[in-house]
Amino acid sequence: MTTLATDQQDERLRSRKEGLRGALADVVERARGGDLGVIPVVVGLIVIWTVLQILNPVFLSSANLVNLTLESAAVGVIALGVVCVLLVGQIDLSVGSVSGLSGAVLAVLFVGEGLPVWLAVAASVVMGAAVGWVYGQLFNRFGVPSFVITLAGLLAFLGLQLYVLGTKGSINLPFDSGLVNFAQLDFVPDWLSYTFAAVAAVWLFVSGLLHARARAAAGLSARSMSALVTRSVALLAVLAFVVWYLGRTRGVGWMFVLFVALVLIMHYLLSRTRWGRAVYAVGGNVEAARRAGINVKAIYTSVFVLCSTFAAVGGILAAARLAAANQSSGGGDVNLNAIAAAVIGGTSLFGGRGTAFGALLGIIVIQSISSGLTLLNLDSSIRFVVTGVVLLLAVIVDSVSRRSRTSHGRA
Amino acid sequence: MTNVLSLRGVSKTFGAVAALTGIDLDVAAGQVVAVVGDNGAGKSTLVKILSGVHPRDAGTITFEGREVEIPTPAAAHRLGIATVFQDLALCENLDVIQNLFLGQEIRPLRLDDVAMETRSWELLRRLSAKIPSVRVPVAALSGGQRQTVAIARSLLGDPKVIILDEPTAALGVAQTAEVLNLVERLRENGLGVIMISHNMADVRAVADTVAVLRLGRNNGTFAVDEVSTEEIIAAITGATDNAVSRRTQRGRTP
Chain D
1 MTTLATDQQD ERLRSRKEGL RGALADVVER ARGGDLGVIP VVVGLIVIWT VLQILNPVFL
61 SSANLVNLTL ESAAVGVIAL GVVCVLLVGQ IDLSVGSVSG LSGAVLAVLF VGEGLPVWLA
121 VAASVVMGAA VGWVYGQLFN RFGVPSFVIT LAGLLAFLGL QLYVLGTKGS INLPFDSGLV
181 NFAQLDFVPD WLSYTFAAVA AVWLFVSGLL HARARAAAGL SARSMSALVT RSVALLAVLA
241 FVVWYLGRTR GVGWMFVLFV ALVLIMHYLL SRTRWGRAVY AVGGNVEAAR RAGINVKAIY
301 TSVFVLCSTF AAVGGILAAA RLAAANQSSG GGDVNLNAIA AAVIGGTSLF GGRGTAFGAL
361 LGIIVIQSIS SGLTLLNLDS SIRFVVTGVV LLLAVIVDSV SRRSRTSHGR A
Chain F
1 MTNVLSLRGV SKTFGAVAAL TGIDLDVAAG QVVAVVGDNG AGKSTLVKIL SGVHPRDAGT
61 ITFEGREVEI PTPAAAHRLG IATVFQDLAL CENLDVIQNL FLGQEIRPLR LDDVAMETRS
121 WELLRRLSAK IPSVRVPVAA LSGGQRQTVA IARSLLGDPK VIILDEPTAA LGVAQTAEVL
181 NLVERLRENG LGVIMISHNM ADVRAVADTV AVLRLGRNNG TFAVDEVSTE EIIAAITGAT
241 DNAVSRRTQR GRTP
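Residue numbers (the UniProt record's numbering), protein chains in the order written: chain D, 1 to 411; chain F, 1 to 254.
Some hints here could point you the wrong way.
Said to hold, decoys possible - Facing chain F, a subset of chain D residues (Cβ under 8 angstroms, in silico):
(1) Glu71
(2) Ala200
(3) Arg215
(4) Arg272
(5) Arg274
(6) Arg277
(7) Arg291
(8) Gly331
(9) Gly332
(10) Asp333
(11) Thr355
What the hints assert, rightly or not - Chain D stretches covered by chain F per the calculated footprint, using a threshold of three residues with CB under 8 angstroms from any CB of chain F:
(12) 155 to 161
(13) 293 to 301
Stated by the list, open to error - Some chain F residues flagged as far from chain D (calculated, every beta-carbon gap over 12 angstroms):
(14) Thr2
(15) Gly65
(16) Arg78
(17) Glu92
(18) Phe101
(19) Ile106
(20) Val134
(21) Arg135
(22) Asn189
(23) Gly190
(24) Thr229
Please keep in mind that the hints were generated in silico from the structure rather than gathered at the bench. Beta carbons are placed, not taken as given, at the ideal position from N, Cα and C, and that holds for glycine.
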């Protein structure tokens, strides 16, 4: 008999299958226990895409999907910030207003004052960070519930946005500026897209292999070679297909690449750093986190700052995409779409559960609905209703899986 | 024996209520001090002051010969005072490893989960802990297993003093014995242990000294070898004249 890995020695552990089948069995086992991860959103996306494609064959065309990725980026970046706030069990309702204000500040500084574009962008981002810092201070010092603080922020920053824009109400960004080019016309060359896909797959394989080696060397159970190879090949196949399909028309936009890069950075920060652990701990049990020596106030401040900063970045991207900042920038459904995207992507409203990738998947669901219903020439009234129903479904899945986790001891 | 931790005249009030008044307490390295008292005697408040959850209102705390302030839990960690709270303070959404290393992860900017998992297993094996997998969320563990995780976590920072708040309150017979063995091992390693307890059998089994609190005041400190359970109970209840003490008195007078 071979010696068991350190973490597999307890006799009560049910024997795992080796290799690929073991890895698959683990996923099924976790899902049954209510640890659904991204399964509901992927299933939901497949259903939505199928229905919309049947209703209008243009929906899954390359041109429409390219548009969808570009439209996703701005609100997706905002949703990424919302994920962070939800992870600590708080909420930011003012992301729409802050993004609108950010767009307005950018336009006024860049067009009105004639500042260089990088300076205008930097000023908008710093403005967003300052808003988040103020939220953090209000929350930590006075203990006001975050939804009230940010509800006040929603109104106040909407007012500020109107004030900044002044009587004109709308400022156009010049079409020849780098910013507008970036959002509307800049696409990654095909060869570079494929390189990105290959690098991602190789990176996944190499990091997985090093990790498995380190675990094996430490006497712990490790992923098998077959599982590692399958994982990387699957990723390569999916990415290469996406690049190829989008590449049939315009390709992958740089703005979407920026969004994905931000998702990857946030994923790293949340899952691989002490700060990320602290965020999950505060969302899970704030008293435990405090007693573990975590600076809970600093964590709250940091997530509010991140959220508002991402909202500001999202506002800049939205203004660049529209080539204008106006009174309705960041208004309407931007706010709720960003929050809905985070929740649909599997971020729990109860705190302590969710991933950065949830923002990516969630916003693609939201944009798919929006784009599909627009293609059908349906009124925005119906779009709102459908988006609302999908959001409700996502929250129900969250609540039900939470109950299931409790009964399976995985809460 | 030099005292690693000494309290002199420590007081704390919550509004109109004086939770602690002029508390003195000494803990030496390699000594187990049991703090006993009735409900509301101020045991939990004392724990919270020492672990940095509440600031004290008056008095001095001397740690390793220096007078110290413990304004925050992090300050208590840095000094080397570890606390296992009665409610354990574990994050149910995190797994055993994440809970063990919470706030003191190895390599903050690129977490070294292999090293942390190896350390976790070493630690749990040393405590003979019966935890099947360290990758399960704490929500999946039993009460005794959670207690073990909480105690194991307190040992990670190489503390000088460990405070155990009712460590055996929710445990079965075997797990209680295990925890008491663990307390013995902590003492052998030269740690000062403050054990809050209701259970006289546990106190007599492991403690060297018993400090009694009553209504927020010191009500006697006894060496365990030289005191009877009845005397401790008398000090806890404040009853110098009740059935128990009378019988004790009769037994002693020849």
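Now the hints, each set against the structure:
1. Glu71: For Glu71 of chain D, the interface hint is violated, since the closest Cβ of chain F sits about 33 angstroms away, which is over 8 angstroms.
2. Ala200: At 19 angstroms from the nearest chain F Cβ, Ala200 of chain D fails the 8 angstroms test, so the hint is violated.
3. Arg215: holds (5 angstroms)
4. Arg272: Holds: closest Cβ of chain F sits about 5 angstroms from Arg272 of chain D, inside 8 angstroms.
5. Arg274: holds (4 angstroms)
6. Arg277: Hint holds; Arg277 of chain D Cβ to chain F Cβ min 6 angstroms, cut 8 angstroms.
7. Arg291: holds (5 angstroms)
8. Gly331: At 35 angstroms from the nearest chain F Cβ, Gly331 of chain D fails the 8 angstroms test, so the hint is violated.
9. Gly332: With a minimum Cβ separation of about 34 angstroms from chain F (threshold 8 angstroms), the hint on Gly332 of chain D is violated.
10. Asp333: Check failed: Cβ of Asp333 of chain D comes no nearer than 31 angstroms to chain F, outside 8 angstroms.
11. Thr355: violated (13 angstroms)
12. 155 to 161: violated (count 0)
13. 293 to 301: It holds: at least three residues are needed, and the segment 293 to 301 of chain D offers 3 whose Cβ sits within less than 8 angstroms of chain F.
14. Thr2: holds (27 angstroms)
15. Gly65: Holds, because the least Cβ-Cβ distance between Gly65 of chain F and chain D comes to about 24 angstroms, which exceeds 12 angstroms.
16. Arg78: violated (8 angstroms)
17. Glu92: violated (6 angstroms)
18. Phe101: violated (8 angstroms)
19. Ile106: Given a closest Cβ separation of 9 angstroms, the condition is violated.
20. Val134: violated (6 angstroms)
21. Arg135: At roughly 7 angstroms from the nearest Cβ of chain D, Arg135 of chain F sits no farther out than 12 angstroms, so the non-interface label is violated.
22. Asn189: Asn189 of chain F is indeed farther than 12 angstroms from all Cβ atoms of chain D, at 22 angstroms.
23. Gly190: holds (23 angstroms)
24. Thr229: Given that every Cβ of chain D is farther than 12 angstroms from that of Thr229 of chain F, nearest at about 33 angstroms, it holds.
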